[in-house]
Structure formats: structure tokens, C-alpha cells
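Colleague: The listed protein sequences derive, respectively, from chains X and C. Sequential numbering of the first sequence, starting at 1, is according to our numbering. Sequential numbering of the second sequence, starting at 266, is according to our numbering.
Heads up, none of these hints are tricks.
Computed from the model, here is a short list of chain X residues facing chain C with C-beta under 7 Å:
(1) 3
(2) 6
(3) 10
(4) 11
Partial list, derived from the structure: chain X residues whose beta carbon lies under 10 Å from chain C:
(5) 8
(6) 17
(7) 101
(8) 104
The set of hints was computed from the structure by calculation and includes no laboratory data. Note that CB positions come from ideal geometry on N, CA and C, so glycine has one too.
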Amino acid sequence: MKPLIHAEFRRLLATRMWLATLFVAALLGGGLIGLLAIVGPENFQPPMPGLHTEAGVRAVLGFLGFTAFIPAAIGTLAVTSEYRYRTVNFTFLFAPNRWRVLAAKLITYGLAGMVYGLVLSGTSALALFGAAAARGVNLGLPAGTIVELLARLAVAMVAYTVLGVGIGALIRHQVAALCVVIGYLYGGELLLLTIPGVRSLYPWLPGGATAALTDFTAVADALAQQLSSDPVRLVSPLAGALILFGYTVLASTVALLKPMRRDVV
Amino acid sequence: MSGIEVRNLTKRYGPVTAVDDLSFTVRPGAITAFLGPNGAGKTTTMRMMIDHVAPTSGSVTIGGRRYRDILRPTTVVGAVFDAASFHPFHSARDHLGIYAAMGGYPSGRVDELLELLGLAEAAGRRTGGFSTGMRQRLNLATALLGDPRVLLLDEPSNGLDPEGMAWLRSFLRDLADAGRTILISSHVLSEVQQVADDVVVIREGRLLAAGSLRDLSSTSQAVLVRTPDATELGQILAPAAYLVEANGPQELRVRGLDPSRIADLAAARGLRIHGLTAEHPSLEQLFLDLTGERTRP
Ligand SMILES: Nc1ncnc2c1ncn2[C@@H]1O[C@H](COP(=O)(O)OP(=O)(O)OP(=O)(O)O)[C@@H](O)[C@H]1O
Ligand SMILES: [Mg+2]
Numbered sequence: 001m002k003p004l005i006h007a008e009f010r011r012l013l014a015t016r017m018w019l020a021t022l023f024v025a026a027l028l029g030g031g032l033i034g035l036l037a038i039v040g041p042e043n044f045q046p047p048m049p050g051l052h053t054e055a056g057v058r059a060v061l062g063f064l065g066f067t068a069f070i071p072a073a074i075g076t077l078a079v080t081s082e083y084r085y086r087t088v089n090f091t092f093l094f095a096p097n098r099w100r101v102l103a104a105k106l107i108t109y110g111l112a113g114m115v116y117g118l119v120l121s122g123t124s125a126l127a128l129f130g131a132a133a134a135r136g137v138n139l140g141l142p143a144g145t146i147v148e149l150l151a152r153l154a155v156a157m158v159a160y161t162v163l164g165v166g167i168g169a170l171i172r173h174q175v176a177a178l179c180v181v182i183g184y185l186y187g188g189e190l191l192l193l194t195i196p197g198v199r200s201l202y203p204w205l206p207g208g209a210t211a212a213l214t215d216f217t218a219v220a221d222a223l224a225q226q227l228s229s230d231p232v233r234l235v236s237p238l239a240g241a242l243i244l245f246g247y248t249v250l251a252s253t254v255a256l257l258k259p260m261r262r263d264v265v
Numbered sequence: 266m267s268g269i270e271v272r273n274l275t276k277r278y279g280p281v282t283a284v285d286d287l288s289f290t291v292r293p294g295a296i297t298a299f300l301g302p303n304g305a306g307k308t309t310t311m312r313m314m315i316d317h318v319a320p321t322s323g324s325v326t327i328g329g330r331r332y333r334d335i336l337r338p339t340t341v342v343g344a345v346f347d348a349a350s351f352h353p354f355h356s357a358r359d360h361l362g363i364y365a366a367m368g369g370y371p372s373g374r375v376d377e378l379l380e381l382l383g384l385a386e387a388a389g390r391r392t393g394g395f396s397t398g399m400r401q402r403l404n405l406a407t408a409l410l411g412d413p414r415v416l417l418l419d420e421p422s423n424g425l426d427p428e429g430m431a432w433l434r435s436f437l438r439d440l441a442d443a444g445r446t447i448l449i450s451s452h453v454l455s456e457v458q459q460v461a462d463d464v465v466v467i468r469e470g471r472l473l474a475a476g477s478l479r480d481l482s483s484t485s486q487a488v489l490v491r492t493p494d495a496t497e498l499g500q501i502l503a504p505a506a507y508l509v510e511a512n513g514p515q516e517l518r519v520r521g522l523d524p525s526r527i528a529d530l531a532a533a534r535g536l537r538i539h540g541l542t543a544e545h546p547s548l549e550q551l552f553l554d555l556t557g558e559r560t561r562p
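Produce the entire structure from the sequences given, and follow the hints as far as they go.
Modeller: As C-alpha cells, this is what we get:
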């Protein structure tokens, strides 16, 4: 197992993509959160409570949940690029027990997702505290709580990276898999919210579970308001974490089992 | 011993039978050419040898084991695939480094192979910009990382220039002389003719011929018969010969009968013969004879 993980890390670090991805994480954390915090949620369209309230801080940090498609896409690419460039020929020659290759990818990309999450959360914390200090606002949540929320977001990023690996193993075709991952996480899931019957499923979907984990209800509430319907009730943070964990277990199982029986041609 | 044993191997893709009850062996210490026209099932068979493709029925073993049961499999088998299998943004050194890590080989092995295959100067360049010849060399380098005893090459000559081909031939010859098992597939016969010891010929997934190249060549030797009585002579020879075909209005090509027998049969019927010439076929001709539809006049 160790040689396979070693090889996956070499593969990951061989191009500059890892650097670009961490740069994006810093840009989203430092840049997006910094920008939102400086503008202030009270000036959003529609307006939200300001940073001096608990809801305002949660609203700003909650936006990070919508960037989960990036680590998910990275995880997807880890598998689909092997098929796209046919390196899978050599990979399965060197490791005919294919599940071990996928296990190595899950471990490697789980760790990579963690690094991504830490960079995202770390730069977000710097930007949020920095912007609050610059504007002279007292944040509506204690610093310890904010750090905990950001840590939960980092955990969610790990889960999404692993989820991406599973979807890559399932779909294999690079463009198709990326369309599914990005399309679903970026827009598809929110579209589901607008369908009355399906709406009640939202808390059980990855996005709803992430919102629960990070205590971010702004989107669900806003949509409910716009559609003048009852707000969607999210599960508890712990339950959200468990649901998300359930999805990663499912994705990992798919990733380990799916390539076993398929021909490589 | 690290021979390859293919036993009653069958692979069906829906209605298409790519490989049909195929059995043959490949011995160590020799170069075996695996021949067949396009779509004969060569690639499918070779991929079943390394567990890339699961057989519908039958089995393949290498040194008595299925590929997936071999411990450290790349020390036993190396494979050169029919298409480039590299990430275009990785350099040759990155690519070999990744697979050296995967096989547990020291990084010094990477430099050795870059040197051996003449890729040292291009080692830092992205493989996306490699020429066909360089890709083939990198394919071969990856296959050789574990210094395997068995080497499978699927159409390795594709895109190689004559110099590259000559180099590959002598390279494979050295490996075979050192006792390794070499299986090389091709549909361009003139290339393997100079290097193969044994041949396995398939068509439509079925075995047509297998054995040493020399034996196969002699059994398929033909005699050209010049005669003004071509039609009558053809009818007399056909039941006794393996194959009789017209080769122009006054000439027959006959297989499976030696010249004296042909002359005797003709004399018994009072038919005229103006010339008898033994024809040494090229492997190309042998291949066409084997794989083409057999015709009798
Ligand atoms: N994945 C697949 N799905 C369906 N049919 C396939 C598949 N792979 C191969 N075939 C079919 O099986 C047959 C054998 O193909 P194969 O690629 O093994 O032949 P080949 O001898 O390698 O040919 P070539 O000289 O063109 O490389 C062909 O009819 C091909 O169309
Ligand atoms: Mg082929």
C-alpha cells in the first residue's frame, strides 16, 4: 500500500495543478470572504443581518460551502485523468489488484482535501478577522466559535474531495464526470429546492448536510421566502456530519469496487 | 520458467467474438511473433494475459500463475501498449518516477532506463510534445522498470522509422538471448520476419498456425508449374494437393506436392509441362495465404 500512496503523491505533485488549486483556495478564503466582510452582509442583495450579528457572520462564512465543487472536481480528476490519458494501462499493470490503487487515491486525496480545507479556512479566518478589525466591527460570534465553524468547513472539503474520487471511478469519462460533479454541486442541488416535493429531501442531500454541518441556513431560508413556502428544516450539525460521512463511505465503496470488474481497453 | 500458456481462451463483446477458443504457448528464450490482420483479436488476447480484460472463458497463465496472483508482477511481466499511456503534462522522468515508486524500484532505475533508451536528453520535457518514436521508447522504458522476464509488445513498430526498428530488433534479440520470453504482435509482417523465432497466427480470434517460423515457411513452400494444359492439370492435381491456384493463363501455383510428384501425375495423363520452379514465399505471402480465404480452382 505504501508504494501506491507514494506514487499517487508523486503523480499529484508532478504538475503545478496542486499549486494552482491551493492558490484558488487562498483566493476564495482570503479574497471572497474578505470582500464579503468588507462590503458587509447588510449591503447584500437582498440585505442580510450585519457582521455584528451571529446570522451575519454565519451568512458570510456559509458562502464557502458553495465552493465545495472545487475539491470535488480535483478528486474526480484524480481518477478520470487516468482513463483520459490511458495511464490506467500502466497503473493496473503495476497494481493488478485495482482496489488498492483506488484506496491509495482515496487516502492521498483525502489528505490533499484536508490541506485544501486548511488553506481555505485559514485564509478565511485571516480575512474575516482582518476585515472586522479594519471596519471596527465587533463580530457577532466569539472567535472560538468562528474557528470551529471554519474547521467544520475544512472537514466538509475533505468529504467532497473523497466524494469526487468516487464519482470519477463511477463515471470515468472526464468531461461527463466533471459536468455531473460541478453541475450538481454548483447549481443542480439548489434547483431541487425549487421543486416542492423534492424539497423535503434537501436536508439529506450533500448540500443540505453541509449546510447543517456548518450551521448555514441562509440559502434555504431565502429560497423558502422567495417561494413563500415553509422553510426547509435542516438536521443537526452532528447529523449533517454523519450524513456527509455516509456519502463519503458510499463514494469510497463505489471507488474501490467499480473498477474491479470492468475491462481496461 | 516463464512461458505463457493460453488455454481455450474466449472473449465475447456482446455479439462479437473477439477471441474464440484460442490455445497456444509462448516459450522463454525466443521471440514469438503474434500475427493476424486488423481485428483478429491480438490486443484483446494480450490484454487478457495481464488481467486488463476478463476472459469470457478459458485462462492465461504466465510461469504457471494468473497475472493477478503474481507477487510483484512487474518484475515478471512488462507490457508495451498499443497507444501512448502518459499524462501529457508529465515529463518522461516524472512518468517513470511515478511507476518506479508504484513498483517499489529505486529512483536510480529511472535514470538507467532513460539512458538505455536514449531518452536522457528529453527526460525533463513534457511527454505531450514527444514524437511517436520517443513515446514508444518511453512505453518500453516503463515496461522495463522491473527488469521483467516476460515482455509483451503490442504493435511496437507502429510509427518507428527503419533505424528505430533495427534498434528495437537487436534490443529484443538480446533480451531473448538472455532467456526472456518475448511476445510481439504485428500485422506488418516484414518487420517481425527478421527477428521472430516462432510465430502464432490468428484470424477472427481463432488459431491458424503456431510453431517455429522455419517449419511454417517450409510447409507452405509452393511450386510454380508452367503448362499449356493448365485447366486439365489443375483438375488432376487438386485432389492430391493442399492448394492449386491459377497464376496467369499458363501457370499454376501448387502447394503440398513436390515437383517430381507433379511431373509424374502430369506424365500419367499425357499433359505437357514446360517448367517447374520452387517458390520460396516471404512471410508476407505465407501470412496472406494463411489469413486469406482459401481457394481451389
Ligand atoms: N471493448 C470492445 N468492445 C467491443 N468490441 C471490441 C472491444 N475490443 C475489441 N473488440 C472487437 O474485438 C475484435 C478484436 O479486436 P482486437 O483489438 O483484439 O484486434 P487486433 O488484432 O488487436 O486488431 P489491430 O491489428 O487492428 O490492432 C474486433 O472485432 C474488435 O472490434
Ligand atoms: Mg491491436
